[in-house]
Amino acid sequence: MAEYSALALLKNALTGNRDWKPAWRKPEPKASYDVIIVGGGGHGLSTAYYLAKEHGITNVAVLEKGWLGSGNVGRNTVTVRSNYLLPPNTRFYEFSMKLWENLSHDLNYNVMFSQRGVLNLAHTPAQLDDFARRGNAMRHEGVDAELMTPAQIKRLIPAIDISGNARFPIYGGLMQPRAGTARHDAVAWGYARGADRRGVDIIENCEVTGFLREGDRVVGVTTTRGDIRAGKVAVAVAGSTSHVMRLAGIDRLPIESHVLQAFVTESIKPFLDTVVTFGMGHCYINQSDKGGLVYGGDIDGYNSYAQRGNLPVVEDVMSEMLAMFPSLAGVRLLRSWGGLCDMSMDGSPIITTGPLPGMYLNCGWCYGGFKATPASGFCFAHTIARDEPHELNAAFTLDRFHRGILIDEKGQGATPRLH
Amino acid sequence: MLITCPYCGPRDVSEFTYQGDGNRQRPAPATKDLGAWNEYVYDRINPAGDHNEIWQHSSGCRMHIHVVRNTLTHEITDTRPARGGHPASRHHGAKS
Amino acid sequence: MSSRRTETGGGRIDRSRPVRFTFDGVSYSGYAGDTLASALLANGVSLFGRSFKYHRPRGVLSAGVDEPNALVTILRGEVRNPNIPATMVEIHDGLVAESQNRFPSLAWDVGAVNQLVGKLLSAGFYYKTFMGPVVGPLRGTRFWMFCEHFIRRAAGLGRAGRMPDTARYEHVNAFCDVLVVGSGPAGLSAAKAAASQGGRVILADLDARLGGSANWSDETIDGVPAAEWAAAQVKDLKSRGNVRLLPRTNVWGYYDGNTMVAVERVSEHKERPNKGEPRHRQWKIRAGTVVLATGALERPLVFPGNDRPGVMLADAARRYANEFGVLPGEKIAVFTNNDSAYGAALALKKAGAAVVAIVDVRPDVSPEMRDLAGETEAELLAGHAVTATEGGKALSGIKVQRFDMQGGSLSGAERILAVDCLLVSGGWSPVIHLASQAGAKAEWNDSLQAFLPPKPAQKWVGAGAFNGSFSTAAAIVEGHAAGIAASGGTAAPLEPPSVEATPCRPEPAPVLEIGASGKSFVDYQHDVTAEDVRLAHREGFVSVEHLKRYTTLGMATDQGKTSNVPGLAIMAAALGKPIPEVGTTRFRPPYAGVSIGSIAGSRYGDLKPERLTPMHDWHVAQGATMQPAGLWWRPQIYGHPGETVEQAYVRETKATRGAAGIVDVSTLGKIAVQGPDSAEFLDRIYTNTFSTLPVGKARYGLMLREDGIAFDDGTTWRLGEQDFLMTTTTANAGKVLQHLEYYLDVVWPELKVTVTSVTDQWAGAAIGGPRAREILAACVTGTAVDNAALPFMGIVHGEIAGVPVMICRLSFSGEMAFEVYCGADWGTHVWEALMEAGKPFGLVPYGLEALGAMRIEKGHVTGAEIDGRTTACDLHLDWMLSKKKPFVGSAMMNREGLTAPDRLQLVGLVSLDNRPLNGGAHIVEQVDDKNPRNSLGHVTAVCYSPSLGKYIGLALVMGGKSRHGTRAFVSDPLRGRFGPVEIVSHHFFDPEGSRMHG
Amino acid sequence: MASTRKAGQSAGVSAVARLSALAPVYRPGSHGNFEHGIGVALSEVVPTSIVQLAAWSGKEKKLIGIIGSVMGLALPDATGGGAVEGARAAFGVAPGKFLVSDDRDDLASIFAEAMEPDTGTVTDLSHGRTVIRIEGPEVEWIMAKFFALDFSLPAFPVGAGRSTAHHDIFAQIQRTAAEQFDIYVFRSFARSFWTALCRSCEEVGYEVQ
Ligand SMILES: Cc1cc2nc3c(=O)[nH]c(=O)nc-3n(C[C@H](O)[C@H](O)[C@H](O)COP(=O)(O)OP(=O)(O)OC[C@H]3O[C@@H](n4cnc5c(N)ncnc54)[C@H](O)[C@@H]3O)c2cc1C
Ligand SMILES: NC(=O)c1ccc[n+]([C@@H]2O[C@H](COP(=O)([O-])OP(=O)(O)OC[C@H]3O[C@@H](n4cnc5c(N)ncnc54)[C@H](O)[C@@H]3O)[C@@H](O)[C@H]2O)c1
Ligand SMILES: Cc1cc2nc3c(=O)[nH]c(=O)nc-3n(C[C@H](O)[C@H](O)[C@H](O)COP(=O)(O)O)c2cc1C
Ligand SMILES: [Zn+2]
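Sequence lines, in order, name chains A, B, C and D. Heads up: the first sequence begins at 1 in our numbering, then just goes up one per residue. Heads up: the second sequence begins at 420 in our numbering, then just goes up one per residue. Heads up: the third sequence begins at 516 in our numbering, then just goes up one per residue. Heads up: the fourth sequence begins at 1514 in our numbering, then just goes up one per residue.
Where hints are given, some of them may not hold.
Claimed, not checked - Covered, in the sense of this in silico footprint (three residues per stretch, anywhere, with C-beta under 8 Å from a C-beta of chain A), are these stretches of chain C: (1) 561-568; (2) 706-712; (3) 765-772; (4) 1054-1065; (5) 1209-1222.
Stated by the list, open to error - Going by beta-carbon spacing under 10 Å, a handful of chain A positions derived as facing chain B: (6) ASN108; (7) SER242; (8) LEU253; (9) SER304.
Hints in this document: simulated from the structure, not taken from any laboratory. Idealized CB from N, CA, C, for every residue including glycine.
Please put together the full structure from these sequences, using the hints given.
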């Protein structure tokens, strides 16, 4: 398949754009594969890509129940950062960041990763200390981080309200300059095309409805397009994790599915270059290349598989957004939507072999797994290929909850709605 | 979303705090069986369909209530005071 | 420019009231009742805006909320409201509007060069390029970011301002039995029927004038012109006590539990709002049943040049003529695939336009339509299609060719017709958005070539064009039935009214695109062409959701109201599949754009309420610097002129340790725990035992979470056998109450205990220091406060200055200290009495900084240490873990992860370079400021300790106690602070507690 | 002590004047758009005592009886059931829980005497709540701006009470007349609430009494 480049674009423009081929094939499922990946989201696709690229395993199928990228990869607020507090997370997400930095080249697909910086605003001295703790933790892991003063913040983001008489004045902020945003759909499509070019079958409209078992061992799946056997079955279905795992007889997991809403305004001229988060509540915002302000807040806070939320969170998010940017009151909301977050009990992910023989599980991304897409796929591929975790996901086990070896960034304990 | 508080009547979801999975049974306090405690604290059925759950009417009468709510449609089919105990007749959350 | 006002009069505008406004700095006049679009059209303006990508000149396509082209920015002083459809702006004197997305001007826009490279900018082009070089200075993300900078500048529509919006936004809640959305014939009829059943009815419509399409139709209903009929219905509804009418109201969201949300444009149509009047008011309507009578929107046809200013939806043109008295053109042609445009042509003819031709893709036009065409004196070109348009920034002509509907081919000679306006109609799409928001699937109707509403997932009934019932009589009959059904009534069906209308069969021909060469626009605003749709198909983006995301079709401000169906028809044709197999994209709130301010309501400008202690005004009057603590405001320092924060708290600390200090502790959470099982309950909740606590004594308690992690601490006072007063940290007051309530309701319902927040009932002052007892003795009556009457952790009741007080001797500062509680309304009185009594003893008030300094000196933990990850052992509170009883958290607190040797443990730090420490700094064994690494833990709290004369801190450090007496370094690369510290016990000051025990 | 319960949960009695939480923001007079009439009147009501009474499960009727005899008010046994008579008011706020207020000193102690421990508990909130009265023809409209409750008379009859919240501000509301509501808010939030209330009343014109 043709390489993408400016030249190819020009050549095609001259010939009426007739020669472009499908970004990925639409194959019929084969009877069996070495590896089946359930879930055509970012993580499933990147896993397939790295299985092929890093481990030479290409007899792989990615099974997606709907259209590719219909899950959270296609509906998130696109923030990519590695500004974590706890070392297992910092290391993992920083590795991801490094993959992001070269991803467009690697995939020959412009995923529009733009290192426009992520700024967390602090509204009390204690919060600023807390952010400093995190920023220093990052620096001690070799990750970039800076503290910013209100004046510096105002220079960077002229529309922000730093007036001291604000209800929650801005005391400063923690900035990760290398963090930024990427184009969500492009990530799914780029990985799909990359995996497809290496021989992976990407099969859409193919819902996994059960697992084929030989004794304890998982040996394949039943789907809406027939049974498919596999040497290994890897599950990366994000918000649907509990539901899919129940099909394999695993009826309890340290996961709750919660809805997270996101919002976009009508397009406006460049207003905000950086990703900004509000510290007295929960609101984060960036501006897309198209001009829409893309933003979100807390999860709705109850179990849901509905991909849509309710009004209270909408109102909270809008209120907090205006606390940062009071000039946006007259700008209009264009669209709101929801996605299903696989909230884990400590807010950190799970990438592991098992829990059944022949099976591999990747979940617990909460509302932060987009940025993990490259590293998650990389580590999951390693785990599948080698039957043991990569050192970067060694801490992300399923049994850590029971053992009390938690990775609890927010210190909220087993109350998923608070992570 | 509206939740019908058995005392206050239908109120907006913003008046309630989600207190999670109502299927979980706390082990007897003196139980040393760590497995049972772990299950209580960490493991969830998380069904796509009817779900037994606990909410508190925190911005109202502050009562905790058992709610049966469909996680696919958000439709609520039952609410009752938590003090009345577990809604035993309901099964624990297979897909509806 | 010439005036385009009709001479036949016009429904809505008041020709006796001229209104002056400006657009792009040019002053125009219109009439009261005009929209910005109608007024500008009347002034002969045809160029309204520029498209998103190619910056093509655009006119006005529609007359309503579906407008994709004519977006403007409304200015009020320096406040900017961008992207408002000119079709939805009611003009008023002094209105200032600006066009958008053009530079330097609307007529001369440099962005238009994008059209020259249009083929390069095909759908999704940016995914295929801008990756830049693999090596060199532009490697990685840099090249893309360089290009992106320019792309961002070129993108976007209107400009948002930087000045805070000065408008007011508000919310209101409403309850009704029936909410009717849409006030066309169906909605009016539904509202009337529902109202007749006696329930509460709300009728909402986007437009200022209720009546929907009746306001511009040429029909008569029961013998009167439709607009008059509608006005009479509105009058009738207005006169009823049980009906609320909400014009200018966009019902934008259908949420669970029939919670409907709408935004009313309360005052922006006025020159200035009345006092206290909001710009927008958000209505949260809880409706028993909703009647959806939202009508249908006309779709354009897709053909080359279909975006030239002057091309307009047929029904919109009818509306301009009939409702606003404006002729959008003088020489018009019509291009249609269905009957409804014939009526529009006739309306324009009657209004004074010349109808040059009616171009109909259908070869067989019904005799009724032929008659209508005859009436308009237009040439009827059946089996023809428009293949191109001519003109610059305004239409001057169209090209027409013979068209074969079956194969889609064009043949015969091309004719050019000189026209200045082309009315297009591609059929109608019911407005099923609200019904679909819950995610239910719409159903394709082949004969109407439209998606009809899904089956109700909530309590609504539909009526009229929403249902695909496109005749007025049917709309009225359905509306009536819906209104009755929604009220739970059973009245006989309505006799159909007599409607005089131009004949019109609703079924369009299944043709939405004319495949001729040239750019044919599907999504006007986003410049998505039919070719882009086919390119998406070639590249495999064939699912409608992929089509949308790859081409951005339907993602503009109009959310595809006019473009979705044509777009997916083109995709369906490319796939060779029927439309229902292709499906439609998901509908989401809001139905039409709503201001963010309206959703925030009064929280815009007032995000969170303020919590004030009873002594708040005293603190402020004494010059305290107030600091937020959650929602509370608390004194940080009572600074003297010229003092730094550090100087102030050091002075306050010294004064307290030297004599006495007083601090407002009213913010501590206070919970009354009452009832016969209270002691038992506390034994289960706290790690230590309370059942053994005598009446009149207090005890320090620790709570864990169920998972064994430390949760909160505080003292609990036993005031009676069955009566406890629990205190919590300020931050956790709400969480702890909820925690207690959960266990009482859910886990141990058998316990007879009530818990009640009494935080606000009591004012609290902590007074401590070597002179504290003397101060109390000087002002407390009714009880002794000596060691015998008031031992450590004892409680007495007495009076201060005539006010009953409750005093407990406990200490956070490490001094001999007392907490004095009284009724909140007397808080300032008692506080002042204490200050007065303390004067001779040197009593000073102190704030959070001094409080913090003293607690650090004592090694007490707070939220920075009880951070949700630490255990009792980590904090050296294991002495509080009872071994005699189970308690919340006891079963899980000893799991391997929670007892691992490498956990972070609480220690003290002393700065060895005599420089201040920073909260959030890390601790390392070896400093490396260039490449910081190997963190051992972090600093949680810091201060200058006046007692030790050193900078000290608390920290959580790996190895904890075992490092006491060793040297380490703080490593704070963020603030460039590195330096040696000694790790010591966290009990810096008076570890034996001799001072507080006295 | 004979009445430790009483002593424990009551702020007690004093001749010292009580300071309102609203003091600096309470501005008597007409405000807002009042030229065409006053939509609502606002005032602070200062009952000497506000007490919460809670009955153990099964003892609700008994408690209603005690309230009846102490307050001279007959409460309907319904959700939020309440009654009002001059300065005496009582209404349900939660299952088995009532808020009573009166001009008598130390109502908490009076109830503590009247009530056996096995009936329930008594908690003095006299200082902990600020009571704001809003009355007038536009009262339902203004209330609807703050609370998602149905304030129409049939849905919310005179005497009845409701527990609800305006964002972070918890509120217990009693309808004390056809066009009059008493709103009980936490003292610490009272000033914020009052300020917001005044602002929302500007539209209809209001008077502070
Ligand atoms: C609103 C929102 C905002 C977010 N913002 C951010 C952010 O700013 N930054 C960030 O890092 N993260 C963010 N996230 C989180 C991030 O999007 C997710 O964590 C991440 O995308 C999850 O991984 P995924 O891409 O593999 O999941 P998904 O894309 O959800 O993939 C799972 C796939 O599995 C498929 N599937 C499910 N069941 C089956 C079955 N039975 N058979 C076959 N296929 C099945 C689904 O259809 C789906 O396509 C956000 C999430 C949401 C919802
Ligand atoms: N083929 C045709 O000739 C054709 C097609 C469609 C409609 N019609 C005519 O249209 C009329 C149908 O009557 P009707 O009452 O069903 O529709 P209508 O179009 O007259 O009224 C619908 C109203 O709903 C309002 N609305 C839509 N969405 C809304 C929202 N979210 N919030 C608030 N308001 C909203 C619109 O502003 C409009 O006023 C008939 O007179 C019929 O003849 C004819
Ligand atoms: C980063 C981002 C930007 C978006 N920008 C737009 C936009 O400009 N216009 C639009 O209509 N939708 C936009 N969307 C929302 C999508 O249309 C869609 O709602 C979302 O992907 C969820 O899919 P669904 O609504 O089909 O369930 C955006 C989504 C994301 C994640
Ligand atoms: Zn309730």
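Against the structure, the hints come out as follows:
no.	hint	verdict
1	561-568	violated (count 1)
2	706-712	violated (count 0)
3	765-772	holds (count 3)
4	1054-1065	holds (count 8)
5	1209-1222	holds (count 3)
6	ASN108	violated (38 Å)
7	SER242	holds (4 Å)
8	LEU253	holds (7 Å)
9	SER304	holds (5 Å)
In this structure, the earlier hints numbered 1, 2 and 6 are contradicted, and the remaining ones agree with it.
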